[in-house]
Every structure is written in structure tokens, then in C-alpha cells.
Amino acid sequence: MTLSIFYFLSFLAILSALMVVVSKNPIHSVLYLIITFFAIAGHYVLLNAQFLAAVHVIVYAGAIMVLFLYVIMMLNLNAEVEPHKSVWLKSAATVAGGTLMVVLVGALRTSASVGSPLPADANIGLIKTLGKTLYKDFMLPFEISSILFLAAMVGAVMLGKKETK
Amino acid sequence: MQHQDLPSDYFPMVIQFIVAVGFIATTMVATHLLGPKRKSKIKLESFECGIESQGNARIPFSIKYFLVAILFVLFDVEVIFMYPWAVNFKELGTTGIAEMFVFMVLLLTGFYYIIKKGALKWE
Amino acid sequence: MENTVSILRQIPLNNYILLSTLLFCIGVIGVLSRRNAIIILMCVELMLNAVNLLLAAFSAYNSDPAGQVFVFFIMAVAAAEVAVGLAILMMVFRNTGTVDINALNKLKG
Numbered sequence: 001m002t003l004s005i006f007y008f009l010s011f012l013a014i015l016s017a018l019m020v021v022v023s024k025n026p027i028h029s030v031l032y033l034i035i036t037f038f039a040i041a042g043h044y045v046l047l048n049a050q051f052l053a054a055v056h057v058i059v060y061a062g063a064i065m066v067l068f069l070y071v072i073m074m075l076n077l078n079a080e081v082e083p084h085k086s087v088w089l090k091s092a093a094t095v096a097g098g099t100l101m102v103v104l105v106g107a108l109r110t111s112a113s114v115g116s117p118l119p120a121d122a123n124i125g126l127i128k129t130l131g132k133t134l135y136k137d138f139m140l141p142f143e144i145s146s147i148l149f150l151a152a153m154v155g156a157v158m159l160g161k162k163e164t165k
Numbered sequence: 001m002q003h004q005d006l007p008s009d010y011f012p013m014v015i016q017f018i019v020a021v022g023f024i025a026t027t028m029v030a031t032h033l034l035g036p037k038r039k040s041k042i043k044l045e046s047f048e049c050g051i052e053s054q055g056n057a058r059i060p061f062s063i064k065y066f067l068v069a070i071l072f073v074l075f076d077v078e079v080i081f082m083y084p085w086a087v088n089f090k091e092l093g094t095t096g097i098a099e100m101f102v103f104m105v106l107l108l109t110g111f112y113y114i115i116k117k118g119a120l121k122w123e
Numbered sequence: 001m002e003n004t005v006s007i008l009r010q011i012p013l014n015n016y017i018l019l020s021t022l023l024f025c026i027g028v029i030g031v032l033s034r035r036n037a038i039i040i041l042m043c044v045e046l047m048l049n050a051v052n053l054l055l056a057a058f059s060a061y062n063s064d065p066a067g068q069v070f071v072f073f074i075m076a077v078a079a080a081e082v083a084v085g086l087a088i089l090m091m092v093f094r095n096t097g098t099v100d101i102n103a104l105n106k107l108k109g
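Residue numbers (this note's numbering), protein chains in the order written: chain A, 1 to 165; chain B, 1 to 123; chain C, 1 to 109.
What the hints contain is simulated information worked out from the structure, not anything from laboratory work.
All C-beta atoms in this analysis are idealised placements derived from N, C-alpha and C, irrespective of residue type, glycine included.
Mixed in with the good hints, there may be bad ones.
[Claimed, not checked] Quick list of in silico lysine-lysine cross-link-like pairs, DSS-like style, CA-CA up to 27 Å:
1) C:Lys106 <-> A:Lys85
2) C:Lys106 <-> A:Lys136
3) B:Lys90 <-> A:Lys132
4) B:Lys116 <-> A:Lys161
5) A:Lys85 <-> A:Lys24
6) A:Lys161 <-> B:Lys64
7) A:Lys136 <-> B:Lys90
8) A:Lys161 <-> B:Lys121
9) B:Lys116 <-> B:Lys64
10) B:Lys64 <-> A:Lys128
11) B:Lys64 <-> B:Lys121
12) B:Lys117 <-> A:Lys161
13) A:Lys90 <-> A:Lys24
14) C:Lys108 <-> A:Lys85
15) A:Lys161 <-> C:Lys106
16) B:Lys121 <-> B:Lys41
17) C:Lys108 <-> A:Lys90
18) A:Lys24 <-> B:Lys121
[Stated by the list, open to error] Residues from chain B that keep clear of chain A, each with C-beta distances beyond 10 Å, as calculated:
19) Ala20
20) Ala30
21) Lys39
22) Leu92
23) Lys117
All chains, full assembly: derive it from the sequences and hints.
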């Protein structure tokens with residue numbers, strides 16, 4: 001049962017990820033990417049990371065992809081104005097990506113396989129456990145991420161605001 | 001032993017999700033089947049008479065919306081750090097408050113900058 | 001407790017590693033083969049998500065919450081990247097009238 005859910009979600013994720021790359025219309029790409037993100041959220045639930053699943057849906061499907069959709073609709077992009085690379089370049093890109101995949105999979109095959117998991121703690125994915133780790137062990141990265149947000153805000157406003165002269 | 005959360009506990013959410021999607025799908029299919037349909041080139045035109053319409057219906061809109069959307073994304077991600085803090089508020093004590101204070105001061109500096117720059121002004 | 005362990009045992013960790021590898025490589029192919037800069041940014045998001053999935057899988061199999069905290073930071077970086085990246089794209093579009101990355105070849109020396 002669990003394994004079949006896993007295979008279904010993986011199939012969905014990989015298929016729609018491929019559709020993101022091949023579809024001509026940018027809006028279709030965005031919609032397929034949202035399907036991929038929902039499949040990944042399903043994987044998080046399977047992995048017992050429930051808070052992560054909720055946050056993933058809120059942030060990626062709810063905010064980031066909406067922003068992408070906004071920009072595509074604002075720039076009025078559609079299949080007709082979509083720039084294309086030559087078939088030669090596209091096949092070269094596919095070969096390069098495929099080679100990377102072969103190398104990675106080959107490296108993983110020879111590496112020692114991971115044994116049975118440690119006695120799993122089902123409370124790992126709970127918001128309380130995550131909060132304790134985040135605010136005790138990862139204090140500095142947390143503060144630095146706020147500086148990152150500050151920089152992103154300033155950058156976006158600087159670039160996006162029309163100059164009023 | 002404390003309560004352990006299992007993936008099976010989330011089955012009601014799956015059911016709700018299926019019901020929500022199913023309701024939308026059923027409604028859309030039903031309206032499609034029930035409503036009368038008359039498709040011809042003239043019927044699909046935007047206006048019955050007058051000048052011929054050009055281009056498609058999607059027109060580019062103002063950059064103002066875009067800035068608001070970007071700032072929404074940033075503040076939305078900021079909130080995911082606040083849920084774990086709020087849940088552990090008592091245990092973290094003063095350290096937690098100090099951490100969050102630094103975080104919020106930096107973010108509100110950004111917010112002050114945005115307001116000062118007039119990025120949210122809607123003339 | 002028993003239930004969770006049995007659920008995790010049913011899916012080998014290698015499956016998750018393989019899935020993340022596949023998603024990452026699809027993202028790489030997308031970045032290399034498309035010319036629309038927005039699609040390229042979306043493929044970068046896909047690659048970040050592949051890494052997120054791998055971190056969450058390792059976190060679940062090792063019973064270590066640190067992996068899931070890393071995912072939060074990656075999400076923060078992704079949001080910041082998207083905000084600034086799309087703002088730059090808007091500027092490029094306003095100046096060149098296209099989102100084709102070949103329009104940026106003026107940056108060549």
C-alpha cells in the first residue's frame with residue numbers, strides 16, 4: 001500500500017517535471033510545476049514530515065508559483081512568442097543532463113547501501129521538535145536568513161520600483 | 001508514552017482534499033453538460049458589432065501588483081519561521097525572545113525601507 | 001511507533017535518492033535546453049526541491065530533525081532568489097522587450 005502510494009507520487013512528480021521542461025506554453029509549465037510540488041508535498045507526508053508538507057504547499061504552491069504566474073501574465077507570454085533553441089542544442093542539453101544522471105546513479109549503485117533505518121521517531125516532523133532544533137542549534141543561520149530577507153526586499157524594491165524623476 | 005503522529009492520522013485531510021477537488025470537478029463537468037451550447041465564430045467574438053477586436057484578452061497590467069506580490073512572498077516565508085517559535089514560546093524563554101527580536105528588527109528595517117521608498121503607495 | 005517504522009521500512013531510502021536524482025537531472029536539462037528565462041528560474045526551483053526532498057528523506061531515516069530545518073533555510077533562499085530574480089527579469093523585459101536569455105549577450109565582453 002505505502003509502496004504503491006510512493007510509486008504513484010514519484011510517477012506524478014517525474015512526469016509533470018518532464019512536462020514543465022517540454023511544454024511550449026509557459027503557463028502550462030507553471031501549472032505542471034504546481035502538480036510536481038503537490039506530489040513532493042505528498043512525499044513529505046509519507047516521510048512523516050507533516051509540518052514541512054504544509055509549509056511546502058503554502059510557500060511553493062501558494063506564493064512562489066503565484067508570483068511566477070503573475071509575471072508570465074504581466075509580460076503576456078504565450079506559446080507564440082516563446083523563444084526556441086535549435087534541435088541540436090536541445091539534444092546536446094538532454095545528452096548532458098542524461099550523462100549527469102547516469103554518473104550520479106552509477107555512483108549511488110557502487111556506494112554502500114544504507115541499511116535499515118534507525119528506530120524511527122514519529123515526532124520528528126512535528127512543529128515542536130523542529131522549533132526546538134531551529135532555535136537552539138541553528139540560531140545563527142536563522143538570524144542570517146533575516147539579513148537575506150532584508151537584502152531581497154531592498155533588491156526587489158530597487159529593481160522593481162519605477163524611477164520617479 | 002506521548003501521542004505519536006502517524007501518517008494515517010492525516011487520512012481525514014486526504015478525504016477532505018478529495019471531496020474539495022471532486023466538488024469542483026463535478027460542478028464544472030455538470031455545468032458543461034447541462035448548459036446550452038452554441039459555438040460559432042460569431043458567437044465567440046467579444047463584441048457583436050463595431051470594430052474587429054485585435055490581440056487576445058490578456059493585457060499586461062501594472063508593475064505595482066508585481067511589487068506587492070514579491071513582498072508578499074518574502075513575508076510569507078518569514079511566517080514559516082514564526083510558527084515553530086510560537087509553539088515553543090514558553091520553553092525557549094528569554095533566549096527565544098531575544099532571537100526573535102533581532103530577526104524582527106532586521107525584517108522591520110526592510111519594511112521601513114519599503115514604506116519609505118513608497119513601494120506600496122498606490123497613487 | 002511500530003506503524004511508523006514499518007512504513008519507513010517498506011520504502012528503501014535508495015528509492016528516495018533515485019527520485020531526487022531524477023528530479024534534479026530533469027531540472028538541469030530544463031536549464032540547459034530552454035531559452036525563456038522564467039522557465040529557467042522554474043527549473044532551478046525544481047532542482048532546489050529535489051534537494052529538499054533528499055534532505056527530508058535523510059532526516060526521516062536518521063531520526064534527526066536538523067535535515068528538516070535545513071529545508072526551511074533552503075525555502076528562505078528560494079523565496080529570496082525568486083523575488084530578486086523575477087525583479088531582474090522585469091527590468092530586462094522593460095529594456096529589451098523579451099525574456100529570451102540570448103537578448104543578454106550584450107553582457108559579453
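Results for each hint:
1. C:Lys106 <-> A:Lys85: Cα-Cα ~18 Å, so holds.
2. C:Lys106 <-> A:Lys136: Judged against 27 Å, a Cα distance of about 48 Å means the pair is violated.
3. B:Lys90 <-> A:Lys132: It holds: about 11 Å lies between the C-alpha atoms, which stays within 27 Å.
4. B:Lys116 <-> A:Lys161: Measuring from Cα to Cα gives roughly 12 Å; hence the hint holds.
5. A:Lys85 <-> A:Lys24: Within the cut-off at roughly 12 Å; holds.
6. A:Lys161 <-> B:Lys64: 8 Å, holds
7. A:Lys136 <-> B:Lys90: 14 Å, holds
8. A:Lys161 <-> B:Lys121: Roughly 11 Å between the alpha carbons, so the hint for A:Lys161 and B:Lys121 holds.
9. B:Lys116 <-> B:Lys64: 16 Å, holds
10. B:Lys64 <-> A:Lys128: 38 Å, violated
11. B:Lys64 <-> B:Lys121: It holds: about 9 Å lies between the C-alpha atoms, which stays within 27 Å.
12. B:Lys117 <-> A:Lys161: 9 Å, holds
13. A:Lys90 <-> A:Lys24: Between A:Lys90 and A:Lys24 the Cα gap is close to 14 Å, so the pair holds against 27 Å.
14. C:Lys108 <-> A:Lys85: Roughly 19 Å separates the two Cα atoms, so the pair holds.
15. A:Lys161 <-> C:Lys106: With Cα atoms ~24 Å apart, A:Lys161 and C:Lys106 stay inside 27 Å; holds.
16. B:Lys121 <-> B:Lys41: Not OK: B:Lys121 and B:Lys41 at ~43 Å, beyond 27 Å, violated.
17. C:Lys108 <-> A:Lys90: Roughly 22 Å separates the two Cα atoms, so the pair holds.
18. A:Lys24 <-> B:Lys121: 37 Å, violated
19. Ala20: 13 Å, holds
20. Ala30: 23 Å, holds
21. Lys39: 22 Å, holds
22. Leu92: Non-interface label fails for B:Leu92: nearest chain A Cβ at 5 Å, not farther than 10 Å.
23. Lys117: B:Lys117 not clear of chain A: closest Cβ-Cβ about 5 Å, inside 10 Å.
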